[in-house]
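There are 2 protein chains.
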Amino acid sequence: MTDLDPVPVPVSVGRPPSSAEEAASWAEEVPPVPLDVVAVGSPLVDVLAHAADADLAAVELVKGSMALVDLDRAASIYGGMAPATEVSGGSAANTAAGVAALGGRAGFVGLFADDEMGEVFRHDITAAGVILGRTTPAPSAEGLGTGRCLVLVTPDGERTMATYLGAASTLGPDQLDVDLVGRGQIVYLEGYLWDLGPAKAALRVAVEVAHGSDALVALTVSDPFCVERHRKEFLELLQEDVDVLFANEEEIISLFGSSSFDAALGALEETGLLAAVTRGAAGSVVLTAAGTVEIPAQPVDKVVDTTGAGDLYAAGFLYGLTNGLGPEESGRLGGLCAAEVISHLGARPQVDLRELAREAGIL
Amino acid sequence: MTDLDPVPVPVSVGRPPSSAEEAASWAEEVPPVPLDVVAVGSPLVDVLAHAADADLAAVELVKGSMALVDLDRAASIYGGMAPATEVSGGSAANTAAGVAALGGRAGFVGLFADDEMGEVFRHDITAAGVILGRTTPAPSAEGLGTGRCLVLVTPDGERTMATYLGAASTLGPDQLDVDLVGRGQIVYLEGYLWDLGPAKAALRVAVEVAHGSDALVALTVSDPFCVERHRKEFLELLQEDVDVLFANEEEIISLFGSSSFDAALGALEETGLLAAVTRGAAGSVVLTAAGTVEIPAQPVDKVVDTTGAGDLYAAGFLYGLTNGLGPEESGRLGGLCAAEVISHLGARPQVDLRELAREAGIL
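From first to last, the protein sequence lines are chains A and B. Residue numbers for the first sequence follow the working numbering, so the first one is 1 and each next one is one higher. Residue numbers for the second sequence follow the working numbering, so the first one is 1 and each next one is one higher.
Please keep in mind that the hints were generated in silico from the structure rather than gathered at the bench. Some hints here could point you the wrong way.
As the list claims (entries may be wrong) - So these bits of chain B aren't anywhere near chain A, every CB distance computed over 12 angstroms: (1) L48; (2) L56; (3) L61; (4) H123; (5) G212; (6) Q239; (7) S260; (8) G272.
As the list claims (entries may be wrong) - Under 8 angstroms between C-beta atoms, here's a sample of chain B residues computed to sit facing chain A: (9) Y78; (10) M81; (11) E86; (12) V87; (13) S88; (14) E116; (15) M117; (16) A127; (17) P139; (18) L196; (19) P198; (20) G346; (21) R348.
Claimed, not checked - A short list of chain B residues far from chain A (calculated; beta carbon distances all over 10 angstroms): (22) A57; (23) G182; (24) L238; (25) E269; (26) L273; (27) A360.
Quantities reported herein were computed from a predicted structural model and do not represent experimental measurements. We treat Cβ as the ideally placed atom computed from N, Cα and C, and that holds for glycine.
Produce the entire structure from the sequences given, and follow the hints as far as they go.
Here's what the structure looks like:
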C-alpha cells in the first residue's frame with residue numbers, strides 16, 4: 001500500500017496492482033477503489049491438447065464450437081486426448097486478466113470449488129492482478145468440482161471446446177458479489193452464462209447494479225451456437241440493458257438472422273449500440289454513434305491457438321474505453337491483444353501487454 | 001490390438017502404441033512385451049511460471065538448482081509466482097515420454113496420489129504411450145498429494161525448481177512394480193531418488209531385477225547439488241551397478257572432485273562405463289570403450305525453458321541404444337530431442353520426435 005493514494009484515484013490514471021497482495025488489499029479498502037472492468041462469468045481451467053480433425057469427429061464435437069458436457073462425457077473426451085497442458089481460462093476471466101495485464105483495474109465474479117483446480121484458478125487470476133469476488137458456491141454445488149474446458153487445438157490453430165461447468169453452474173443471485181460488481185465502470189457479461197438457469201437471474205441483478213451506479217453493461221454473445229440458443233433473449237437485452245456489444249462476424253449474422261455480413265452490420269447499426277465485431281484475419285469493425293470504422297488485423301507470424309482471441313480483444317477494447325482512448329484506438333488495442341494471445345497455447349497473455357501496446361504506439 | 005502381433009515382436013522393430021488403450025493392452029499381455037526402457041522416478045506435475053532473477057532471491061532459491069521443499073514452503077513460493085501453466089513432468093517420466101514419442105516402448109514406475117493432479121499425471125503419461133506401473137502408494141502416503149515441481153523460468157531460459165514430492169516420497173521396495181521393471185532392456189534410474197530413504201532400497205531391488213534379466217542399468221545423477229549430497233553412493237554405484245551414466249559437465253566435475261572438465265572426463269573414462277555428458281550449448285560428449293566422441297549441439301532459435309533438456313537427451317540416447325543406433329548416433333538423437341524440448345515451455349515433447357529424427361536423417 002506504500003504508494004497508493006488513501007482516496008480513490010481517478011481511474012483514468014489508475015495503475016495496476018503490483019502484486020497479488022496489493023490487489024487483495026485494494027479489494028478490502030474503504031472506500032473501495034473503483035475498477036475499470038468487472039467481469040462476470042464461469043471460472044474454468046483449460047485443458048489444452050493438440051488434436052486432428054478426425055479426433056473431433058470421433059468424440060462428436062463440432063469444430064470451432066463450445067459444447068457443454070456432463071462429467072462422464074468430459075471424462076470420456078479427456079481419456080482420448082493427447083498429453084495436455086492446464087492453464088487457467090474462462091472467457092470473462094481471460095478478459096479480466098487481459099485488462100489487468102494492460103495496467104487496468106479489473107475484477108472477476110464467478111464460482112469455483114475448493115479443490116486443486118480451484119486453487120490453480122484462484123492463484124492465476126490473483127497473480128494476474130485481478131480482484132476476485134466472493135467465490136462461495138451455492139449449497140447445490142456440493143460435490144461439483146471446479147469447471148474445466150477441454151480444448152482441442154487442430155493444426156490450423158482453431159479450437160474446439162467441451163466444457164464441464166461444475167461449481168460454476170451454481171451462480172445465482174445469492175452468490176453474486178454485488179459489492180464487487182458495483183465497483184465496475186463497465187460490467188462485462190459472458191453470453192455463455194445464459195445457458196444456466198440461476199445465472200440469468202444473477203445477471204439481471206448485475207445489470208441493475210451496473211445501471212444503478214451509472215456503469216456501462218457490456219455483453220459478449222460468446223459463440224455462434226450460444227447465439228442460436230439465446231437469440232431472443234440477447235436481442236431483448238440489446239434493447240434495454242446492454243451498452244457495449246462484442247460479437248464476431250458469424251455471431252451477428254446469426255443474431256440478426258441476416259443474409260450477409262453487411263446486412264447484419266446494418267441491423268447492428270440500427271440498435272445504436274457501441275459495438276465491436278471481430279472478423280479473425282480480416283480484423284474488426286467498430287460501430288459508434290459517429291459511424292463505422294474498419295480496423296485491420298494485427299499481423300501474426302503463426303496462429304498457434306485461437307483460444308481467447310475474442311476475450312483478449314474485449315480486454316483491449318474495454319481497457320481503452322475506460323482509460324481515455326476513443327473507440328477506434330480501443331479497437332486497435334483489442335486487435336493487438338488478440339494477436340498476442342493467438343500466437344501461443346492458452347488464453348491468457350504471456351507477455352507484458354502494456355509494454356506491447358506502448359511499443360505499438362497505442363498507450 | 002488389430003495389427004499387433006500375438007507374440008512379442010523384436011524390440012528393434014517395435015512400433016509405438018497407437019493409443020493409450022493399446023498401451024494398456026500391451027501392459028496386460030501374456031507373455032509381456034519387452035520394453036526398450038523402464039524409467040523409475042518421482043512423478044510430478046510441473047507448475048511453470050516466468051520469473052525475474054530477483055524473484056529467485058526473494059524465495060531463497062539457487063538459480064538452476066532443484067530444492068526439495070515441504071508443503072508449507074511450496075505454498076509460500078507458489079503464492080508469489082506469476083500466473084502459471086501446469087504440465088506433467090518428473091525427470092524420469094519425461095525421459096519415458098520421450099522414448100515413447102520416438103516410437104520406443106517405454107514404461108514408468110513411480111507413485112502419485114489419487115487426486116486431481118494425479119489424474120493429470122496419469123492421463124498425460126498414458127496418452128504419451130508410456131506403460132504405467134502399479135501406482136499404489138505406501139500406507140504412509142495417506143494425506144500426501146501428488147508431487148509438484150514449481151519451476152521458475154528466468155528470461156535466459158534457465159529453470160530453478162522447488163519440488164514438493166508428496167506421495168512420490170513413499171516409494172519403497174514393497175511399492176516397486178518389479179514385473180514392469182523386469183521388462184526393460186534398460187532400467188533407467190533418477191538420481192533424485194537417492195534423496196529418499198525408502199527409495200534407495202527400492203532402487204537396489206530394481207538394479208537386481210535388471211541385472212537378473214540381463215538388462216542394463218542407466219543412471220542420471222540429476223543435479224549438481226544432488227551429486228554433492230550423494231557423491232559417495234553414486235561413485236559406489238558406478239563401480240558395480242551402473243552400465244550407462246548420464247551427467248552434465250558440472251555434475252561430473254563435482255562427482256569426481258576434478259579441477260577441470262578434461263580431468264573429470266579422464267576420471268570418467270577410467271570407469272569404463274558407457275557415458276553421455278551434456279554441455280548445454282557446447283553439445284555433448286559420449287564415452288565408449290572405443291573412445292570419446294564430441295557431438296555438437298543442435299541449433300535452437302531461442303531457448304525458452306531448459307526444463308527437461310537432460311531428460312530428453314537421455315530419451316534420445318536410450319532409444320538409440322535399444323533400437324540399433326551406435327553411441328554417437330544415439331548422442332546425436334539425444335541432442336535433437338533436447339533441442340526440441342528447450343524451445344518451448346514444459347519438459348515433454350510437443351512435436352512428433354520420430355518425425356523430427358527422420359527429417360534430421362537419424363532415424
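Next item on the list: With a cut-off of 8 angstroms on the beta carbons, see whether E86/B makes it to chain A.
Entry: This interface hint holds because 4 angstroms falls under the 8 angstroms limit.
Checklist line | Non-interface claim for L48/B versus chain A (Cβ beyond 12 angstroms) | finding: violated, 9 angstroms
Item checked: 10 angstroms Cβ clearance of L238/B from chain A -> holds, 33 angstroms
Next item on the list: Mind verifying the non-interface call on S260/B? Its CB should be farther than 12 angstroms from each CB in chain A.
Entry: holds, 40 angstroms
Check: When the nearest CB of chain A is found for R348/B, is that gap smaller than 8 angstroms?
Finding: holds, 6 angstroms
Next item on the list: Using 8 angstroms as the Cβ threshold, decide whether P198/B counts as touching chain A.
Entry: violated, 25 angstroms
Note to self: According to the definition I'm using, a residue is off the interface if its beta carbon is farther than 12 angstroms from all beta carbons of the partner; does L56/B meet that for chain A?
What the structure shows: Fine: 16 angstroms to the nearest Cβ keeps L56/B off the interface.
Item checked: Interface hint for Y78/B, Cβ within 8 angstroms of any Cβ on chain A -> holds, 6 angstroms
Check: Should the hint that A127/B touches chain A count as held when the rule is a Cβ pair under 8 angstroms?
Finding: holds, 5 angstroms
Notebook entry, point to check: Does Q239/B really sit off the interface, with its C-beta more than 12 angstroms from all C-beta atoms of chain A?
Noted result: Check passes; 38 angstroms lies beyond 12 angstroms.
Item checked: Verdict on E269/B as a residue remote from chain A, using beta-carbon distances over 10 angstroms -> The claim holds: E269/B sits with its nearest Cβ about 38 angstroms from chain A, beyond 10 angstroms.
Notebook entry, point to check: Taking the minimum C-beta separation from A57/B to chain A, is that value above 10 angstroms?
Noted result: holds, 16 angstroms
Checked against the numbered hints given earlier, the structure breaks hints 1, 4, 17, 18, 19 and satisfies all the rest.
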